[in-house]
Amino acid sequence: MSKKGGREAFALGALAVLALSMPAILAHNEYLISVLILILLNILMTSSLRTIALLREISLGHVGFGLIGSYASALLMMKGGFSFWPALLTSGLLSAAIALALGYPFLRVKGIYFSILTLLTAETFRLAAFYWRGLTGGTMGLVGIPAPTPLAIPLLGSISFDEVGAYYYLTLVVFAVCMAALHLIERSHLGFAWRAIKNGEELSQSVGINVIGYKVVNFAIASFFAGIAGSLFAHYQRSLSADFTSRFGVVTSIYLVVYMVVGGQRSFLGPAIGTLALTVISEWARPMKEYQPMIIGAIAILVVLFMPGGLAGLSSLAGRRVKGRPGIGGGG
Amino acid sequence: MNFQVQMWLQAVVNGVALGWLYIIMALGLTWILSIMGILQLAHGEVYMIGAYVVYYLCSSFGLNIYPAILISMVAMAALGVLLERFLFRARPDRDPVLTPIVVSTGLSLIMTSGAVAGFGLYEKSLPRLLYGSVRLFGGAVPKDRLLAIVFSAAALLLLFFFLKRSRWGQAIMASAQNREGALLRGINPNQMAMISMAIGCALAALAGVLAGSILMLQPYMGSQPMVKGLVIIVLGGLGSLAGAFVGGMLLGLIDGVVPVIFGPAAAAVAPLVVVILILLIRPTGMFGHE
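Residue numbers (the numbering used here), protein chains in the order written: chain A, 1 to 332; chain B, 1001 to 1290.
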């Protein structure tokens, strides 16, 4: 334990130092830092998507709860007179509350139905935001979203989050807290109950696990983090649109699932690896414009057909081959 | 007064025509889902490609639209066979739910971006099926919408008789109801999967053409009807023809009539509300069973 724990702590420390020095490494290039912010937000989305996947359920509408967080946070600051931090927390809680309400009818049906229902929900949220002119600006979009309230630190003055560098650090802090929370939740009794449900729903029920209750809580927790990511997105972007081609379209949810599976949804870091790898690839493929989605799609198909553990499964696969055991099993 | 009648009639006819398109989409999806157990998220893209095939057959080769529709349906059926054989066939080392979802989303990204690259983002339009309109209850109804309804109804009837009367249809039904049982009776599930994929893709092509002749063609045209098709499956119950019919009509009428009365925001939210209400009462859908 101590040896492994030590190694993990070292790796975590190295990652933290790397993340903190990233703006300097990228020579404070505003475009690259904004890509980095989006990567962090997408990792938060895919990691919380993985929380649902712990139940062996695939949400195809995770971005819908991001949308709730985005609009809630923006409107709370613009019209509700909230300051940034309460707005952030409230938007996460609102996403969770909506997921809690929808969870009961959605999670009573299983498997593919759940995926379809989440897809429908996200599209409904998007269309509602698109047409609800009075609240969300409708087809014109919501503009003039304020940056987070400047943070006043005694003796040092105050930090304004107007520019992208400072916003990166704010995102990084919230991101780190959320990832730690997700990790802890997975190791708590909640996580064990979810795994039990995944492995055998009826058996879990028979030993007194409230299956539907745990599932709904899972959905709400995942949606909470999607809402937080959405709120951070809103104050970073400073304007929102619910157009078909915006971030809130079906395509984003699809990309999130692809990121998660390419990274490998079985390990905690898998979604992060997949998001990072595919974002780097699609930034690299940016000059190819319309062929960009094609490359991502091809990678997704190849990975899922030939590398069932995803990118994160590569290391364990290599380890097993070395030890002379036969290849991958069907487990999961 | 006459204007009111005209508006209502238009809304209802549009709703019914849309409903039939959704039904055709849902039929393909529901058969693929109940026989192969997979969510084919690229179904909307098959619909889109099917419509473009007809567009190019008509505009580049000067073909009449009716034979072009037939060719497109056959071509998409062949595409479906290839997809089943090389991408969707179940293998023991693959996750039965997740793998097809990711494969079909990857496929949908590839097909959409291929369409953007190959066909361009400009909207294209197909030749109309028929010109002119019929007078009905004191209002005018465009003939092409009526014909789209007739085509879809004919496709549904054909499918119904194929499933109920032919040996192949019976085998498909058996495979959908009980995979192992059908296997014991000597029915090859892979063959059934291939047939249902071919039928599903041909139906998607038909829906795409009918939609393309009423609306417009563009590379993203498939996602909306696919979402509708999926919703119909949840509403009507998996693998149920009657469920697909009732669910499709319901959604079509919601899309046709609700925006006229309550505005587009209400029309956007209405399907979700209906689905939640039905799931609360009957978790397996209106016509579904365990």
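Since the hints were made in silico from the structure, they are not lab data.
A few of these clues could be false.
What the simulated footprint calls covered on chain A by chain B, stretch by stretch (three residues with Cβ under 8 Å from a Cβ of chain B suffice, anywhere in the stretch; the number is not a length) [to be verified]:
(1) 41 to 50
(2) 286 to 292
Derived contacts from chain B toward chain A, CB cut-off under 8 Å, selection only [claimed, not checked]:
(3) 1110
(4) 1269
(5) 1274
(6) 1276
Below, in silico cross-link-like pairs of lysine to any residue (SDA-like), each with a Cα-Cα straight-line distance of 20 Å or less [said to hold, decoys possible]:
(7) A/289 x B/1097
(8) A/289 x B/1095
(9) A/198 x B/1116
(10) A/198 x B/1124
(11) A/198 x B/1117
(12) B/1124 x A/182
(13) A/289 x B/1037
(14) A/198 x A/182
The beta-carbon is built from N, C-alpha and C at its ideal position, and this holds for glycine as well.
Here's how the hints hold up against the structure:
no.	hint	in the structure
1	41 to 50	violated (count 0)
2	286 to 292	holds (count 3)
3	1110	holds (4 Å)
4	1269	holds (5 Å)
5	1274	violated (10 Å)
6	1276	holds (5 Å)
7	A/289 x B/1097	violated (31 Å)
8	A/289 x B/1095	violated (32 Å)
9	A/198 x B/1116	violated (40 Å)
10	A/198 x B/1124	violated (47 Å)
11	A/198 x B/1117	violated (42 Å)
12	B/1124 x A/182	violated (47 Å)
13	A/289 x B/1037	violated (34 Å)
14	A/198 x A/182	holds (18 Å)
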